[in-house]
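Start from the sequences, fold in the hints, and give me the full structure.
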Amino acid sequence: MNMFLKNCWYVAAWDHEILGDTLLSRTLLGQPVLFYRKEDGTVVAMDNKCCHRHAPLHMGRKEGDCVRCMYHGAKYDATGACVEVPGQERIPPKLRQRVYPTAQRKRWVWIWMGDPALADDTLIPDTFSLAHPDWRWKPSYLHYECNYLLISDNLLDFSHLSYVHEKTFGGSPNIAEARPEVQRMARGVRVSRPVRGTVPAPYHQRLGSFEGKVDRWFRYDFHVPGILLLDAGVKSTATPDDDMSGALQFHSCQAITPETEKSTHYFFMQAHNFRLDDAVVTESIDQSQKRAFIEDKQILEAQQQMIDNSPESPMVAMAADAGLMQYRRLLSELIDLESKAPAVIPLIPVTP
Amino acid sequence: MNMFLKNCWYVAAWDHEILGDTLLSRTLLGQPVLFYRKEDGTVVAMDNKCCHRHAPLHMGRKEGDCVRCMYHGAKYDATGACVEVPGQERIPPKLRQRVYPTAQRKRWVWIWMGDPALADDTLIPDTFSLAHPDWRWKPSYLHYECNYLLISDNLLDFSHLSYVHEKTFGGSPNIAEARPEVQRMARGVRVSRPVRGTVPAPYHQRLGSFEGKVDRWFRYDFHVPGILLLDAGVKSTATPDDDMSGALQFHSCQAITPETEKSTHYFFMQAHNFRLDDAVVTESIDQSQKRAFIEDKQILEAQQQMIDNSPESPMVAMAADAGLMQYRRLLSELIDLESKAPAVIPLIPVTP
Amino acid sequence: MNMFLKNCWYVAAWDHEILGDTLLSRTLLGQPVLFYRKEDGTVVAMDNKCCHRHAPLHMGRKEGDCVRCMYHGAKYDATGACVEVPGQERIPPKLRQRVYPTAQRKRWVWIWMGDPALADDTLIPDTFSLAHPDWRWKPSYLHYECNYLLISDNLLDFSHLSYVHEKTFGGSPNIAEARPEVQRMARGVRVSRPVRGTVPAPYHQRLGSFEGKVDRWFRYDFHVPGILLLDAGVKSTATPDDDMSGALQFHSCQAITPETEKSTHYFFMQAHNFRLDDAVVTESIDQSQKRAFIEDKQILEAQQQMIDNSPESPMVAMAADAGLMQYRRLLSELIDLESKAPAVIPLIPVTP
Chain A
825 MNMFLKNCWY VAAWDHEILG DTLLSRTLLG QPVLFYRKED GTVVAMDNKC CHRHAPLHMG
885 RKEGDCVRCM YHGAKYDATG ACVEVPGQER IPPKLRQRVY PTAQRKRWVW IWMGDPALAD
945 DTLIPDTFSL AHPDWRWKPS YLHYECNYLL ISDNLLDFSH LSYVHEKTFG GSPNIAEARP
1005 EVQRMARGVR VSRPVRGTVP APYHQRLGSF EGKVDRWFRY DFHVPGILLL DAGVKSTATP
1065 DDDMSGALQF HSCQAITPET EKSTHYFFMQ AHNFRLDDAV VTESIDQSQK RAFIEDKQIL
1125 EAQQQMIDNS PESPMVAMAA DAGLMQYRRL LSELIDLESK APAVIPLIPV TP
Chain B
825 MNMFLKNCWY VAAWDHEILG DTLLSRTLLG QPVLFYRKED GTVVAMDNKC CHRHAPLHMG
885 RKEGDCVRCM YHGAKYDATG ACVEVPGQER IPPKLRQRVY PTAQRKRWVW IWMGDPALAD
945 DTLIPDTFSL AHPDWRWKPS YLHYECNYLL ISDNLLDFSH LSYVHEKTFG GSPNIAEARP
1005 EVQRMARGVR VSRPVRGTVP APYHQRLGSF EGKVDRWFRY DFHVPGILLL DAGVKSTATP
1065 DDDMSGALQF HSCQAITPET EKSTHYFFMQ AHNFRLDDAV VTESIDQSQK RAFIEDKQIL
1125 EAQQQMIDNS PESPMVAMAA DAGLMQYRRL LSELIDLESK APAVIPLIPV TP
Chain C
825 MNMFLKNCWY VAAWDHEILG DTLLSRTLLG QPVLFYRKED GTVVAMDNKC CHRHAPLHMG
885 RKEGDCVRCM YHGAKYDATG ACVEVPGQER IPPKLRQRVY PTAQRKRWVW IWMGDPALAD
945 DTLIPDTFSL AHPDWRWKPS YLHYECNYLL ISDNLLDFSH LSYVHEKTFG GSPNIAEARP
1005 EVQRMARGVR VSRPVRGTVP APYHQRLGSF EGKVDRWFRY DFHVPGILLL DAGVKSTATP
1065 DDDMSGALQF HSCQAITPET EKSTHYFFMQ AHNFRLDDAV VTESIDQSQK RAFIEDKQIL
1125 EAQQQMIDNS PESPMVAMAA DAGLMQYRRL LSELIDLESK APAVIPLIPV TP
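Protein sequences, first through last, are from chains A, B and C. Straight run, no breaks: the first sequence in our numbering ends on number 1176. Straight run, no breaks: the second sequence in our numbering ends on number 1176. Straight run, no breaks: the third sequence in our numbering ends on number 1176.
Hints in this document: simulated from the structure, not taken from any laboratory. Wrong hints could be hidden among the right ones.
[To be verified] With a straight-line cut-off of 27 Å between C-alpha atoms, the simulated BS3-like cross-links for lysine-lysine are: (1) B:Lys1121 - C:Lys899; (2) B:Lys899 - A:Lys1121; (3) A:Lys886 - C:Lys991; (4) A:Lys918 - A:Lys886.
See the structure below:
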């Protein structure tokens, strides 16, 4: 079975990673890809390996909308066609780099690694908080030495907040004890986990100065191949449900993109819509999230090592695995479908 | 063929490595194992990989005699049974960790990695000097990047003292030239190598201030799977054989435990029964031994690399290999027997 | 197919690497080899792995023209025969190390890794500038983490000077644009590439203070298995072709010797025959060459990683590949011949 779904949009980079003459080298789905920006601002994604002698193009030079390999001087345009070979007039048509469809949406650069004819940019999920005047945030990135599905698993079961993030996002076993509702969507799952009458997480307490118990909510769509759009918050149990005046509301956009079978890119941010002009709050939320994700990173990388140590050994399910198991099943069905008939993959837009 | 004998006792740790809330992670025979101590002081050895999603339990939390996985909160008791799953009432019986028999004897924690029904603690060799008022010593540990049999080989042929330890334990080619007597035991070999009228080793000279030639003796039992109990000493040739007044006598307990196919744990100490109240002597003996063992480590790790470079290449025997070849044959017979009929392994106690 | 040609001379070391009691350990063609010098100055090359228990002999001790393994004391003479086993009178004839023919020619130590009966030292190319009063140079060495053929490729297509060495040896695209002439020889290829009316390379400008355009020439024999003898130079276009008074002339001897399939030894120097008594010039040429070769090393190691990432992916040829393709074909024919009938390899001396 293929490890990766190809006919879907992956997040490849933050927009600010590709500026000016940058030749960005990034491996995605095991494939070394070169990224650069054309004069008109659109992003070119091209196989990073020069088809001549396999030197990496990111060690080359950007010349206008073209890139020149700095080993023997072959020059490729933005369509991947070789347009110059030093000392040679006729250019063999085989001297051509594969290029990938890209799209830029609100600070994220997306790439389509499958059949270009199927690349439909209406399938890109709406990451509204990445560019919205009511929300503030900072961009973040982490590199994980583990398979991307271990990160999906992690995101699809927030019971881990009570344990992995006991001292950051968690605070009590109550999150783990609250049963989540999981709904399947055409290209993802929706998970809701309300937690009522719990103690505030250390992280929330610092921001909200709550007195007494709080209600918390988590509701997110997790889209194929690994895009999480999270609506979360916390408010005092003492205020009515529809009174958001003292609440802390968050919206988080997170994207996991496989680098190789055993390593993953993680792009993320957590936006807040309160105290918008207080840079300290924005900074603190970013740092808290990063600190918590490093807790995830440590346990997931340790988990990967345990799995590598005896890959055949089975896992035993618990009730909390419902979300991740639905998602793994969905993804595996899509990968299976794709390998059988790449042309007829059900490119059904996400149910709103 | 299996690489390791399973139905036997291995040294897993020094007792002081598992104290209080310690969750010790140690890989033995390729298996990641978690060690912790119960309230009553006995040691629990459990697969370190949580059977739920394979997170390592040593990153978890000790709760009384139980351990909780700090990924999703599964809690296991000292028998390996899962006794709590957050947010779930019925616990699937498959949520269970494998536990291993352990035994503590005089500062060493032993583990039985094979069939628990066969674990017979009368088979543990008598390491008397590890807890005896007439002997002083310090505990030591080294990690070797080589297969455990290369260390057995090394210990079973003391001719290497003349070369590897020329400037520490050796001092002259006389040890290599003295032919050892090797006797086979039910679960090991006994090696005796008297060396008469030689120059004192640099190490002995510093401790004993000998004038003129000395006699040295080495006599040790080497037990399956890698326990060496050594009785050694040095005295002036000028004094009668039964006069031990000016002699330096040593007793050493050493245990080699495979970590993986290519790495090994080495637990050791060297006890002396003279100048008991002189801490400098104890310290100096410990340091001399460690310095010499690092000489072994360097040559054995280099040997492992040479073997890895061309694993098929045969070795050519010399007379000095008699001990190690007897031992390798014995071990290989036991491993062979075990793979054929694990229930009838000849668990004959060591001949005294 | 074999990766390496065996019946040929490889450069193993600079002469100054094997002095006095040096026991030099160097892996060649995947084989760990020990080098040391006999009292009469000739170099012994012997398998570095002691045939007894596979300890490396370079951790041993040189005793006259012999080497003693410092694990258990086996002593070998310069023919590889074991001449002493401590504590043992009869020495088994199987205790014998393989030795390899060597030859020293003008500062380089050569080794023949194939059938010793075929070792014919008239096949060693004439590296005259390595010992000639009219030429000055400094010896250099680099270790490359790539297959040796990637280095051959690099040396057989000087069009890379315009790109890889743009700021050192290159200076303009003119070198890449000049079409080289490639002639096949019995055991190599000859490449000539005259470049007329170009701008001087930054490196030449510093040495020669040219005014206006220059002519450059490169002419080299590239011998199996990887010996490059280069005659190169630069002179003002304003002076007649046969007037060498203001020219800078260079002669470079370079040797690439596989260490393993993925790593290579590179021995090289670049001699000059002008301003012989100016040590600054010699130093500066050596440093310029090393700086440029590090540019090669970076791109070749990156190329190796790209190839490893997808080894099956084909390369697409351009005209500039003519030299390297001829050479790869020749080498592959020789390796093929050798594997079929090692005795009849065409040991035809190089056409002058």
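Against the structure, the hints:
1. B:Lys1121 - C:Lys899: 22 Å, holds
2. B:Lys899 - A:Lys1121: Holds, at roughly 22 Å.
3. A:Lys886 - C:Lys991: 17 Å, holds
4. A:Lys918 - A:Lys886: 21 Å, holds
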